[in-house]
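Asker: What follows is the residue order along each chain.
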Amino acid sequence: MLKYKIERAPAPVWMRTLIPLIAIPVTFLITSIIILLDGANPITAYYHFIISPLAGKASAIEVLVKSTPLLLTGAAVAFAFNSGYWNIGAEGQLYAGAIAAAWIGMTLKDVPPIIGIPAMVLGGFAGGMLWAFPSAILKVKLNVDEVVTTLLMNSIVLNVTSFLLNGPWRDPVSMWPQSPEIAAGTVFFKLIPRTRLHFGIILAVLIIIITWFVIKRTSFGLKMRAIGLSREGAHFAGIKVNKTVLTVALVSGGIAGIAGAGEVAGIHFHLIDAISDGLGYSGIIIATLGGLHPFGVGLAALFIGLIDTGAQTVARQMGVPVYLGDVVQSTLLLVTLSLFVLQNYRIRRVK
Amino acid sequence: MHAVQMKGIVKRFADLTANDNIDFDLEQGEIHALLGENGAGKTTLMRILYGLYHADEGEMLINGTPAVIHSPKDAIRLGIGMVTQHFTLVPTLSVAENMVLGETGSITVNLPDVEKKVAAASERFGIPVKPQALIKHLSVGERQRVEILKALYHDARVLILDEPTAVLVPQEVEVLFDALVRLQNEGLSVIFISHHLNEVMEICDRITVLRDGHSVGTVRKVDTNLKQLANMMVGRENFGVTRQGQREKGRVELCIQGVHATDKKGLPSLKGVSLDVHQGEILGLAGVSGNGQAELSAVLCGTKKTTSGKVMVGDLNLTNAEPSAVCAAGVGRIPEDRYANMVGELSVAENLVLDQLDQFVNRGILDQEKIQENAKKLINEFQIKASPGDRVRTLSGGNMQKVMLARTLSQKPRVVIASQPTRGLDVGATDYVRTTLLEQRDNGAAVLLLSEDLEEIMALSDRIAVIYAGRIMGILPAQEATAEKLGLMMAGAPTLDRKGGVDAEI
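As given, the protein sequences belong to chains A and B, one line each in that order.
Okay, so the first sequence: first residue is 1 according to the numbering used here, each after it adds one.
Okay, so the second sequence: first residue is 1 according to the numbering used here, each after it adds one.
It should be emphasised that the hints constitute simulated quantities derived from the structure, not laboratory data.
Cβ coordinates follow ideal geometry from the N, Cα and C atoms, glycine included.
Listed below are the simulated PhoX-like cross-link pairs for lysine-lysine, each with C-alpha atoms no more than 20 angstroms apart in a straight line:
#	chain 1	residue 1	chain 2	residue 2
1	B	Lys305	A	Lys243
2	A	Lys243	B	Lys304
3	B	Lys304	A	Lys141
From the structure, some residues in chain B lie toward chain A, with a derived Cβ separation under 7 angstroms:
#	residue
4	Ala340
5	Asn341
6	Met342
7	Val361
8	Ile365
Throw the hints in and build the complete structure from the sequences for me.
Answerer: Right, here's the structure in full:
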């Protein structure tokens, strides 16, 4: 009789980089079932999903537009995860950054872009940082689980936004729940005329490169990685764990905040309730898919941006609900995480 | 008649033989001690009896009939119960609920009925426990009683207790012993795993001593004494190591004064430890594991806070200092758990600089060249079999320890805290580590060596202190120390020696 035994045997290191690539086809197979249930052809659907958006120039640019905030939230989450700080609050920090940017945009009247744009970036960073602060300080001082607190902070900021838009910041002319338009000098300039592609993507790529440099090349980066890989080992080696984690948490929040500022200054020019539909949560998927490496995060953000754009194409072309994009994203996360766990096991035949 | 007979039991783990041809028998109605140092193979043997491990060779007879025990379920069916060091109770459930946990006889549980049965058993065996009480509200001693009761509830006739007194305060030990005597009067047999001589002599009828996976022999209590047991437990009286000559002592470099600290559970584990370590000497701290060594090492390494007392290095007060300060003060630390105290997923080169990053940084940016050079130099110097880029977790225990040694000793520490530095290492690596420690001493460092390996302590130390139950039992110059003297002190027996005798009571 043949028997099989599951045993722990960590896969080689190169396997880790392959996992996202294996995860994508597996995800497509699984989500095909849902597409079939909706009566559509999965192959056509996936053609529209990932090929169509890249076929035309306009839609290809739109993929970059969609990717801009994702690059930032992905980098924010990956930065925090590298030091073992599980920041689930990029969504809220993005909102806080957007609020701060909207306020700066409304307050500054006649500023040249050379002042206005940096002000928006710094404002977004500060807003995100501020929103990340309570969770970070609770973690460091009282060891309160940051997964819970950062998640809860997300709900709070949604209500704060709602309050602002339905109260003090409501547009006096249209009475729409949106803040007054930001000053012209604070708008992120366009990279290509008559498209939505703006300065934010340059900023995002820059931040990806900076986070890579910090994580991989600086002593601070080595410290944060050491903490993420073994808190005890890092503490024993004399690394100031709390100080480092606090800094990382705040910077992570700040980066997410810049994503929010970019959406205000580059896309909407107002603060609106729906400034993000889960960009922060997608950041978690992107960080995981990218193996927490900033360059991996860059690729993953572009891929998720593609899926987001593709979901709209599929919906338009085939009448499949646009939420399919969310389903694919979520399935991708689950598949990737499962693979990360499963790589530690192998099945062996025993006599 | 024998309740349990184990014949020729052999159990191997990879290249380690944990049990080597052990014979063991348990008579009905006796309390039988399994005595031995840590790693002697006591727990392994009992795990085989309880079905948690499978013997590679040998046979077992329960009540005279050959038995095959595949799992604890089989053991329970044969009337064997085991109380492990780590309890297996669900804190949020009641005592009665815990009794029937895992029973698969029926879907429904008649709780009042169970509670009645528990109360009856509690009464009969003299183990006071309230069936309705929630486990989380019970003390450690009470939880242990629940564990015993659980075994009895499942009709155990043979009870295995794995170091039952390790978690108890003295008063609770009394209660436990009373209960054991009661069980014995009811005709039950008890196997009592321990490394405390006094307890064994107090409660047991017969004693089987294990050492290094072998059975040294079984003796009846009435035929033996503390001295003989200590000898059986720690082995040869002469270690065949030439003693160090008398050495000139330097000034006191590490001064520990009246340090108190608690263990992970918050129970006091260091009760006023005072030690002086001089320049150019190795002070060996002997003791059976779990008597406060781990906590003392953690306190000195900066990873544990004291509740009172003082730690001085030279003129620096390092009481409750952070690891970074301890390191900066020139204290080299070789921790007990080398794996947990390194970052396994980082490379050898990175681990080698982790506690002295400032030396390898240029305006915040890592000086990769210098880091690699440092790694190459130390790998060569300390004969580490690895390349700089290898992840530390992929190294063998010996090489991992060499990485730790290299990182620590390359900084020329004035004080070295070495905790179980050769545990789990092969002969070659062990020799290397010991030679390195002697070199450190010769270079004038003050070395505190915490070890459970008496042979190691006696071979390396200039002076030997013994710790028992969080107190220093006494300090002997190495020339005067014999295995017998140390063994008795380690077992908490009153010291026969004039220099010891600080406090022999528990």
